[in-house]
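Colleague: So the chains spell out like this:
Protein chains: 4
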Amino acid sequence: MSGNSIGKLFTLTTFGESHGPALGAIIDGCPPGIPLSEADLQHDLDRRKPGTSRHTTQRREADEVKILSGVFEGRTTGTSIGLLIENTDQRSKDYSEIQYTYRPAHADYVYDQKYGFRDYRGGGRSSARETAMRVAAGAIAKKVLAARGIEIRGYLSQLGPIAIDPDRFDWAEVDQNPFFSPDKQAAEQMAEYMDALRKEGNSVGAKISVVASGVPVGLGEPIFDRLDAELAHALMSINAVKGVEIGDGFAVVSQKGTEHRDEMTPDGFLSNHAGGILGGISTGQEIIAHIALKPTSSMRLPGRSINQQGEAVEVITKGRHDPCVGIRATPIAEAMMAITLLDHLLRHRGQNADVVPPCPPLL
Amino acid sequence: MSGNSIGKLFTLTTFGESHGPALGAIIDGCPPGIPLSEADLQHDLDRRKPGTSRHTTQRREADEVKILSGVFEGRTTGTSIGLLIENTDQRSKDYSEIQYTYRPAHADYVYDQKYGFRDYRGGGRSSARETAMRVAAGAIAKKVLAARGIEIRGYLSQLGPIAIDPDRFDWAEVDQNPFFSPDKQAAEQMAEYMDALRKEGNSVGAKISVVASGVPVGLGEPIFDRLDAELAHALMSINAVKGVEIGDGFAVVSQKGTEHRDEMTPDGFLSNHAGGILGGISTGQEIIAHIALKPTSSMRLPGRSINQQGEAVEVITKGRHDPCVGIRATPIAEAMMAITLLDHLLRHRGQNADVVPPCPPLL
Amino acid sequence: MSGNSIGKLFTLTTFGESHGPALGAIIDGCPPGIPLSEADLQHDLDRRKPGTSRHTTQRREADEVKILSGVFEGRTTGTSIGLLIENTDQRSKDYSEIQYTYRPAHADYVYDQKYGFRDYRGGGRSSARETAMRVAAGAIAKKVLAARGIEIRGYLSQLGPIAIDPDRFDWAEVDQNPFFSPDKQAAEQMAEYMDALRKEGNSVGAKISVVASGVPVGLGEPIFDRLDAELAHALMSINAVKGVEIGDGFAVVSQKGTEHRDEMTPDGFLSNHAGGILGGISTGQEIIAHIALKPTSSMRLPGRSINQQGEAVEVITKGRHDPCVGIRATPIAEAMMAITLLDHLLRHRGQNADVVPPCPPLL
Amino acid sequence: MSGNSIGKLFTLTTFGESHGPALGAIIDGCPPGIPLSEADLQHDLDRRKPGTSRHTTQRREADEVKILSGVFEGRTTGTSIGLLIENTDQRSKDYSEIQYTYRPAHADYVYDQKYGFRDYRGGGRSSARETAMRVAAGAIAKKVLAARGIEIRGYLSQLGPIAIDPDRFDWAEVDQNPFFSPDKQAAEQMAEYMDALRKEGNSVGAKISVVASGVPVGLGEPIFDRLDAELAHALMSINAVKGVEIGDGFAVVSQKGTEHRDEMTPDGFLSNHAGGILGGISTGQEIIAHIALKPTSSMRLPGRSINQQGEAVEVITKGRHDPCVGIRATPIAEAMMAITLLDHLLRHRGQNADVVPPCPPLL
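Chains Z, F, R and A are the protein sequences, given in the same order. The opening position of the first sequence corresponds to residue 1 in the UniProt record's numbering, with each subsequent residue numbered one higher. The opening position of the second sequence corresponds to residue 1 in the UniProt record's numbering, with each subsequent residue numbered one higher. The opening position of the third sequence corresponds to residue 1 in the UniProt record's numbering, with each subsequent residue numbered one higher. The opening position of the fourth sequence corresponds to residue 1 in the UniProt record's numbering, with each subsequent residue numbered one higher.
Keep in mind that the hints were calculated from the coordinates and are not lab data. There could be a bad hint or two in this list.
No copy is singled out in the list; a pair is fine if it fits within one copy or between any two copies.
[What the hints assert, rightly or not] No more than 20 angstroms apart at the CA atoms, straight line, and that leaves these computed lysine to aspartate or glutamate pairs for DMTMM-like:
no., residue 1, residue 2
1, LYS66, GLU86
2, LYS199, GLU188
3, LYS143, ASP354
4, LYS143, ASP46
5, LYS184, ASP167
6, LYS143, ASP40
7, LYS256, GLU200
8, LYS184, GLU173
9, LYS256, ASP195
10, LYS256, GLU314
11, LYS184, ASP195
12, LYS318, GLU259
13, LYS184, ASP165
14, LYS256, GLU192
15, LYS318, GLU263
16, LYS318, ASP195
Looking at chain Z on its own, in the form it has when it is part of the complex (with noise of 0.2 angstroms):
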């Protein structure tokens, strides 16, 4: 119920800022008996670390998670499970220039009026070091997932102007190249474009998409909490995101009835223009998501800005950052999808547990 906090069955609470000892979760609500270990949190946590190219952040975190609960001898226990990540590498210094300034684009001002102060250095609470905690909460949902069939994959579908070609698709080519992107063309070009960009001191947006496979049918809680609109909250939740789209998306707009609609036959459905989502219930259809990424805010290129007495001032972000947001957002996103998708699978099973269907699933 507070702001840290998400989910209602299988919930994640977390802390610590960009610049604090360290960050933490607790992951309630877990399955028992579910094998987990460091191990598996740290491979999505290496998935989203800043440092592995030279495209990325050159902040060099070692990022290593703790189990400090709710695992014994290997298993899950249903107890909370509390995560630890100290944080290592801060350099306080490179922010001290912007104590009393409001960066453009930046949550410094909010926070500001919000809380009547914050801590200013790296963006604190607001900065993108607390998505380490969500990747490793979702690598455990992912583990309790896998155990059922279901499986949860990203990829960059757009960098700037660079959208990948689906006819070169190939999923093997996600986790070879710094962009998570598919297109193995496409992401050469987007290297091209990524040197440009940080000469210029610029930064772009990026558009990520997941997709989920072996859901069962039957997932979401109409009407509020129907599974888009839980995965609409989870995504949206993800700093730096302004859009988010299920299935078609926005292309629905001007589609027709006739070509939206996902006819079915005893042999399937025929489409998947829904996403997998129907009435704000899983159809059993892979789950498609699209989120876009604002570019990044930290820029070398000055901007106008006020500080905190209001006068006008001009804003360079020096430091380390993120050219583009979007190339770390693919784990994040994953596992948001995937701590939502659980969430649901044991509100479903609470409720609905003895219930059979007059015929079996389509899928």
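Got chain Z; can you put chains F, R and A on it based on the hints?
Modeller: Just chains F, R and A now, with coordinates in the frame of chain Z:
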């Protein structure tokens, strides 16, 4: 916490099926002392009411709402407000054909899978009838917000292929045509387009925009209950919504950082690409959101589907239905925006009422 | 999350004032497929209904409940269930005298302070009328639980100075007298005592006990949503309750460890001092709870108080009232026990449905 | 919403097992700008710490708490506060004998049934170690409340057969003896009694009382989140609690209305049988609650039980344990009272900050 509830401090819980005796709602957490009457609610309900033009469902509902509690001597008491609308015009016989059939792109199939069976008449709980209660609750929220100078207005941005022209934008036009279009010329094109669509027996999607002005800075509860995440949740929970954008939405994907950022001066922000929300917190600028609505699933044009036995069938939906859901969604989107903003206004006040920011708000 | 809501998966939200047009409730999360009719609810409501004996309030209410949604062809659909009871016998004129007066030991004063004003007629929202909805919702929960072999029964343990004699305990007596007393002899003494009390114009307290049998082991969510903590919450939320005990309750203060502990053998537990809950989780034994109800605040005997201007006044409550609230609380306590147990049954199932314990349950 | 979380606006979520690496907590919703340091928390933790007298567990824990986030330059930021206490003294070997045995009156059996297995060392998650985090969070709440003139103090009312004498009540005595007894003479009797108990190898129960003064009128959210109901929840959630009373508690059963009611005069209330709460809302008087704690389950005296195979066994708990849990519960009960009051203070302010009551509060 349950699926039929939304909000943390200001909460809305609803019930009611398309063909049941009544729709109802309980609104909790409304600040006391607010003047409120049934007329306040009826105004917004009438804007949503079917049968008001040839372009909407020909089902005639009185949609007369009664306030059953929580108001005394014309003012809210602070206790829970019960609302009731009796269903008077259902025409059950229109739907009996599809009792054992799953209409494509409807929730029939998923409800049977999730719950084991369903009220098949008119979509049951999955019907858009339930939105009447959202609008009624939204009217209450709007009233409370209006007393604080916060105004919420929506409009149709696009109907199928017809987009409004920003240069012809006029708020006064919105309530002058059945489309909520702020562009009179576009409204005329839409009318023709809809007539053709109705003859064809098809449907089309729409894009709705909602704007909240006068919102104070500071609303939103990072990191998971960010204001944009909660708006996305509330808006995506509306029947037929497949996408949500805040501010520039998916346009940010190809924007550069220098283009996207809203610079600040002592006289205010220089732009509003962010749509009024930064770091998940309101900036004091207009909050701008857009939603994409899929084409109505009920159509006269036949579609392939299956029945409860898993046999292939052809489905034709006779009876009354909307060729474009978007025409009615504007008041619903306004309502969800209002409910979310009021909830956050109360939550922010609860935690931070003592805060004195270091400088006055920019707006 | 709001004050008028209880439960996480199986939730109850209510509205309604003593002298408003109606009382209502929304029950969410009820498993689908359960046979349910208005008669099921009416039975428990009639047990609670005022006017059934000379010992209870002389206000005659039909207390006829209507089910407005969530039930189709005689079974629950899994969607939200709306309930309505219209208030038919209010007699506003009985209370107009105390419009500006604060009755001692009532909520008049605190409601005016909290909300700024109140519906003064008959206690408004603070009136015990709202408990009708708890009983109706409890009847639904009881039905779901009964299908799983869980039974909930309550009785009056003590009325003023008259305690029941455990040696004369007979469940069959409980519904044979207006007190819910399992001890016939005590019931006769209570009747005499109550007649004297009524003549005196005074009131007295009571102690109610509730027993749930057939509860499976494993319900309860440590550490904060322990089953006993949630039962305490649900029971203490009943109007006039000032104390809650589980099992031996306050008797444990002077018990030694060897006396208190419920030893186990291969044939079962040897005692039940714990009242069926250990470590916040059900053991499979009978769950036993007791509540203490304060004497009714409405009395003919004058009391000193103040009015809205802060002046000293004398208050005499005329009109119809209960000389002992306890007489009506038994079905309410049963209802709150049922609602809590069902919520936990679903929550436990949601998270732990796959668990295989190392040995069969003891019971 | 999860079992390991409590509170709506001011929330506490915890993790940590008796023999895990650490205990932790996340506190969310704390108002910003409150001065806070580790020393503030350590003070209350030291009051609770085992090993401080011969009468408590001989397990020596540093119980040193670290604040990992949510505090900047000595003040709370309004973002989530992470706390950590590392476990340093566990002595696993003390518990290995009972790995496959169910200790009577412990949670061993129910945890195995609920989750399929458990961390058997020292009670795992069911151990009283977790209360350290409640106390730490309570210290934060107390600080915020103290700034508003609200003070919370607890004391031991009764240990086994030894009750304090109200005529010898002295608040200054409470922190002068290891029992939190306000009656010096009783404390001496308790010491002798405890020595005998320890020799016997047995344990005994206790009754703790908590008093909150300076509480403003108006806290509590009827009808389900009444302040007394939420206090009952919070207090009953403490390990070993079997009963909760507000004000006169179970004594009200035999009180007449004229005896129980707290009459009002222009100078204030004439008594406080209600314990500071009426209609579920604080009156402004002292809030008084009492809890009953059962005798410690860990004893040297053998008890009959079963093992995981269902065979009869005899259980002797060696190692370090509390012969009377009550001795340590006083700071824990204070903490739960503080957490609940702060949550309600924020909730009330959120909804009702604009309320102007018709007259000034009585107190």
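Colleague: Look at each hint and say if it fits the structure.
Modeller: To see whether the hints hold, each was checked on the structure:
1. Taking CA atoms no more than 20 angstroms apart as the test, LYS66 paired with GLU86 passes in both settings, with 9 angstroms inside one copy and 13 angstroms between copies.
2. For the homomeric pair LYS199 and GLU188, the shortest alpha-carbon distance inside one copy (17 angstroms) is at most 20 angstroms, but the shortest distance between copies (50 angstroms) is not.
3. Only between protomers do LYS143 and ASP354 lie at most 20 angstroms apart by alpha-carbon distance; the minimum there is 15 angstroms, versus 25 angstroms within a single protomer.
4. For a Cα distance limit of 20 angstroms, the shortest separation of LYS143 from ASP46 inside one copy, 16 angstroms, qualifies, whereas the shortest one across copies, 40 angstroms, does not.
5. In this homomeric assembly, LYS184 and ASP167 come within 20 angstroms of each other (Cα to Cα) only inside a single copy, at 11 angstroms, whereas the closest approach across copies is 42 angstroms.
6. Taking CA atoms no more than 20 angstroms apart as the test, LYS143 paired with ASP40 passes inside one copy only; the shortest distance there is 8 angstroms, against 40 angstroms between copies.
7. In this assembly of identical chains, LYS256 and GLU200 lie within 20 angstroms of each other by CA distance solely across copies; the values are 11 angstroms between and 43 angstroms within a copy.
8. With identical chains, the CA atoms of LYS184 and GLU173 are at most 20 angstroms apart within one copy only, with a shortest distance of 6 angstroms there and 50 angstroms across copies.
9. For the homomeric pair LYS256 and ASP195, the shortest alpha-carbon distance between copies (14 angstroms) is at most 20 angstroms, but the shortest distance inside one copy (42 angstroms) is not.
10. In this assembly of identical chains, LYS256 and GLU314 lie within 20 angstroms of each other by CA distance solely across copies; the values are 19 angstroms between and 49 angstroms within a copy.
11. In this assembly of identical chains, LYS184 and ASP195 lie within 20 angstroms of each other by CA distance solely inside one copy; the values are 17 angstroms within and 47 angstroms between copies.
12. For the homomeric pair LYS318 and GLU259, the shortest alpha-carbon distance between copies (19 angstroms) is at most 20 angstroms, but the shortest distance inside one copy (50 angstroms) is not.
13. When the C-alpha separation of LYS184 and ASP165 is checked against a cutoff of 20 angstroms, the pair qualifies only within one copy, where the shortest distance is 10 angstroms, while the shortest distance between copies is 39 angstroms.
14. Proximity of LYS256 and GLU192 under a CA criterion of 20 angstroms is satisfied inter-copy only: 16 angstroms between copies versus 39 angstroms inside one chain copy.
15. Taking the shortest Cα distances, LYS318 and GLU263 sit within 20 angstroms of each other only across copies (17 angstroms), while inside one copy they are farther apart (54 angstroms).
16. Only within a single protomer do LYS318 and ASP195 lie at most 20 angstroms apart by alpha-carbon distance; the minimum there is 17 angstroms, versus 58 angstroms between protomers.
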